[in-house]
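Please build the complex by placing chain B on the supplied structure of chain L, with the hints as guidance.
2 protein chains.
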Amino acid sequence: MPTYKAPLEDFDFLYNEFLDLGACAELPSMAEASPDVVEAVLSEAAKVAETVLQPLNAIGDEIGCRLDEASGEVSMPDGFATAYRDYCDSGWTGLVADPDYGGQGLPSFVGLAVSEMINAANASFAAYPGLTLGAYEVIHHHGTDEQKATYLPKMVSGEWGGTMNLTEPHCGTDLGLLRTRAEPADDGSYRITGKKIWISAGEHDMVDNIIHLVLARTPDAPAGTRGISLFIVPKFLVNADESLGERNGVKCVGLEKKMGIKASATCEMEYSDAVGYLIGEENRGLAAMFTMMNAARLVTGIQGLGMASAAYQAAVSFARERLQGRSLAGPKYPDQPADPILVHPDVRKMLLISRASIEGARALGLYTGVQLELEFRHPDAAVRRQAGYWVALMTPIIKAYFTDLGTEVANLGMQVHGGAGYVRDTGVEQFARDVRITQIYEGTNGVQALDLVGRKLIANQGENLKAFFTPVMHFIGEHDGQSELAEFIGPLKDSAQLLQDTTAWVYQHMSKNPLEAGAAGTDYLRLFALTAMAFMWARMAVIACRRLDEGGGKTVFYQAKLDTARFFMTRMLPETTSLAAKVRAGAGPLMDFNDEAF
Amino acid sequence: MPTYKAPLEDFDFLYNEFLDLGACAELPSMAEASPDVVEAVLSEAAKVAETVLQPLNAIGDEIGCRLDEASGEVSMPDGFATAYRDYCDSGWTGLVADPDYGGQGLPSFVGLAVSEMINAANASFAAYPGLTLGAYEVIHHHGTDEQKATYLPKMVSGEWGGTMNLTEPHCGTDLGLLRTRAEPADDGSYRITGKKIWISAGEHDMVDNIIHLVLARTPDAPAGTRGISLFIVPKFLVNADESLGERNGVKCVGLEKKMGIKASATCEMEYSDAVGYLIGEENRGLAAMFTMMNAARLVTGIQGLGMASAAYQAAVSFARERLQGRSLAGPKYPDQPADPILVHPDVRKMLLISRASIEGARALGLYTGVQLELEFRHPDAAVRRQAGYWVALMTPIIKAYFTDLGTEVANLGMQVHGGAGYVRDTGVEQFARDVRITQIYEGTNGVQALDLVGRKLIANQGENLKAFFTPVMHFIGEHDGQSELAEFIGPLKDSAQLLQDTTAWVYQHMSKNPLEAGAAGTDYLRLFALTAMAFMWARMAVIACRRLDEGGGKTVFYQAKLDTARFFMTRMLPETTSLAAKVRAGAGPLMDFNDEAF
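Protein chains in written order, with this note's numbering: chain L, 136 to 733; chain B, 136 to 733.
Simulated from the structure, these hints should not be mistaken for laboratory data. It cannot be assumed that every hint is accurate.
Since the list gives no way to pick one copy over another, a pair counts as held whenever it fits inside one copy or between any two copies.
[As the list claims (entries may be wrong)] Okay, derived cross-link-like pairs now, DMTMM-like style, lysine to aspartate or glutamate, Cα gap no bigger than 25 Å in a straight line:
no.	residue 1	residue 2
1	K392	E281
2	K392	D560
3	K140	D221
4	K647	D474
5	K689	E710
6	K386	E543
7	K689	E731
8	K330	D474
9	K386	E685
10	K182	D280
11	K467	D730
12	K392	E197
13	K392	D322
14	K330	D343
15	K467	D309
16	K467	E294
This is chain L alone, in the form it adopts within the complex:
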């Protein structure tokens, strides 16, 4: 079974050397987030992940969630409820939440780091507090003061859970088709009726109440996405004195059997005249829900990263221990019956692809986390707006690229294990099954690519793009011509240029033919992601070079950063040239194919 060791040294490097936290200095969230506090929080989270959640991961996979069809109750695998109670008691559910409602108000990028560790240890478990936080954010942004006072404190404490109810059997991506009805009642509330599917954490036995956020249509709502409203539908109604009241008309009527994340309850929910409370304005429900969706998309990316990290660690352990064959250059450990497979170039390549993907993504995720914090909490509107451009652009990229690399790295981790990787007891194939959903939910990666090309490139008069290219070009300008950095700056420069040229090509062609946006889609997104990764790796290389020159210690760590940066530039970034060529092949080869002939 895999053991997990949280990457605290890397987090330390990123927080204290890599991230530019200067712009955050004025934020109230930073008042509590001194380097010492952040370090203490992360090392506590590491302990929870390593010692409480990780040991439950295989049990969750083996036992899964069980539905009692008569009562509609869902029971969690052994040990989950206790672990969840501990998790709440230690304050993890309130880590980044508003202190007005009992939260600790830490910056969201600290939350992302914790989220990576929790997901690495036990992705099924992570879904429950993750969904609650998403629902919390929607109510926090769009709820009335009364709604906030009623629901938020117990969601922050973890006593109550939260869910998001979007999908129906006939509509997932295309929410305009949704049919769940909301009839106004005399008391200002609504009666919700309809069926929702694939509702994560829709029902379980770890909380006293579950606050469902449900998209539905009022009787006179316009068709399509402009007629969708958002409702709070608690499992138990809440009395005026905050005690739990009647059971509401919502019930879990089915539990999906899935490829993975088997301890994450994926529920079919039936709403029958359930009491619901409008949140925000009528017919503006989708916009409100998207507050949560964007954050959820970033966190989904972090899930991919977390599982990749756990799979990589398992692969490294195996590669050190497994003795098999000899180095092509002659026995490296002649006193042993064979060399560890770590000597083989192909095994090292799989590990380095994993490592470069994970550490680059971790840097990009936290860099974006800082922008997210600025976007939502900075007092200056211009700063908020500017940070928002970066976040808008990077959200689909992080969601899609991080989850793609999650699947890739989990599969490389299996591959390093050889036959042992396919056997369930080894535990590494679970990562490949669990992580696979992240490429699909919260908007498939194809939908992310369309969001990037069809929406984010065009939006804000090009400011989104500028928010990326300006710091990249500034950074290149700063270091161009420094010979010891040329091996990092050169490839970044080429890649940025290629991305700019390809972007111009896509712009031009999709203005004539909107299908070109979809045709460029995933290839363009990956080209963008690799360029953003090159930016991160070049930045990390600059720091590592400086530290090595200074000779202040941690030589192994900085040298590994430099070597991984070099690996990324020479062995991974070259993919960009193929991606650009594929994009320029255009929509023709896709659209000309006869529908009947598929």
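For chain B alone, coordinates are given in the frame of chain L:
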């Protein structure tokens, strides 16, 4: 649940228009293989696959194999034994086997086509006759007349099964480490003692006897791979009158729980003083086993292809039926609530990557099957040798590339399904789990790459390589300058040139540093595979162009071939430039990394 429709139209095209069967005309196997017979065989096999085996696929996954630990008996999921009996009674187990032992003696490329269909329908089921055929081949090539007479007829009829026992807990890839002992007995037989793991079809209740082929060491054998001998160890000893005798000292003591192919029994086998019969010479066991391994590697590639084909079909059905969103170019079916997702460029891209991979691989597999037939059965030694060069070169490429595309296409099939793809009832995630093993067993794909670069490129004084480049260059020469073919010939020419240049680079660098072979490895193999695929697609495009010009019908079919060829050239082949760049990055970025820092 997916339904499967065998690709008979494509087989028909390949056999009757694409493959050059002229060189096979003299073979006895071809005497029975007239176009009519082949068509009848394939359409019968299609029926078995579609109506008998495919409906059992999900049941096999759900129930799996069960071991009774006391008796060591393994029971198959419901329906498998009956299906297996029908399969044998219809003669499928003897399809390509020697008529002297009851087989039908059809050419092995017909066997490959049948194998694709069986694997598409039910990969777990396919393992049982597949392993038996492998063991049959070893005994047929290396056994004494008495051994052949004793074992082969009942293996050909399917009454008895066969297995290959290589792996032990501490050795898989590196068989030199194996420890199972073979003590000579007075009667000329041996007593085998040791433990073998991951033995597919090692024990089950569909056959009367199981003929295990076991690698072991005699007492005075030299260390390493030169001291390994091969033994026949039947589950039940066979009496002189051919009836079954005593139970032999071999027992299944464990059954692996795996990610997929759950109805394929993966057994831990314990040999305790089991009676074994030497096959071939002492200490030459590995070479004898490799007779089987090479054929097994081709078939493993075909497994990947088969499952890819089934996943693609499921994805196409879903893409036609699922209404969601509108075409970016405006509603295509305005009378429906939404367009089928087949209108979206990204969905089409996933389907066309799948289609181009599958049809190109099918062509390459059968093309290689013809060479295999020539290699093993042609009366002229020069023809056999020449065909052997192609087979030697293509075996690792087909094993690795086809299984990589199997996983890729199965995952694309899931992705087209969105959330439904992750739910077990949909059935498509089973393909992704089942196919994953094909990248690992019969030598991991990293081992295949090393076989290609470190062995096959160098062997036979470069004749292997020539066997590929000569027909490619001849074909290019034949069609270069024909303007309507330029879009196919041009990219093939560029890719072949790039492959030649990269090959020269690899040659040169690995002669100085053997680690360069491993570093080039998988990237070089994929570059080679894509070039071979380009050769197949260009050949198919030439035929399709001609047929369309002639206007003799089947326009939709030929147009689809042409469009898929175009898609391959513009949207898939460009990957070669990145692969070449990665290869040229060399071993440095892999080997310089500090072992301690992983």
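Against the structure, the hints:
1. K392 <-> E281: Close neither inside one copy (38 Å) nor across copies (52 Å); limit 25 Å.
2. K392 <-> D560: Both, since 20 Å and 7 Å are each at most 25 Å.
3. K140 <-> D221: within (20 Å within a copy, 53 Å between copies)
4. K647 <-> D474: Between copies only: 22 Å across chains, 59 Å inside a chain, cut-off 25 Å.
5. K689 <-> E710: neither (32 Å within a copy, 38 Å between copies)
6. K386 <-> E543: neither (37 Å within a copy, 38 Å between copies)
7. K689 <-> E731: between (62 Å within a copy, 13 Å between copies)
8. K330 <-> D474: between (58 Å within a copy, 22 Å between copies)
9. K386 <-> E685: neither (63 Å within a copy, 64 Å between copies)
10. K182 <-> D280: neither (36 Å within a copy, 66 Å between copies)
11. K467 <-> D730: between (57 Å within a copy, 12 Å between copies)
12. K392 <-> E197: both (12 Å within a copy, 11 Å between copies)
13. K392 <-> D322: Classified as neither; 40 Å inside a copy, 56 Å across copies.
14. K330 <-> D343: Cα proximity of K330 and D343: one copy only (23 Å, versus 52 Å across).
15. K467 <-> D309: Answer is between; shortest inter-copy Cα gap is 15 Å, intra-copy 57 Å.
16. K467 <-> E294: neither (56 Å within a copy, 49 Å between copies)
Going through the hint list in order, the structure does not satisfy hints 1, 5, 6, 9, 10, 13, 16.
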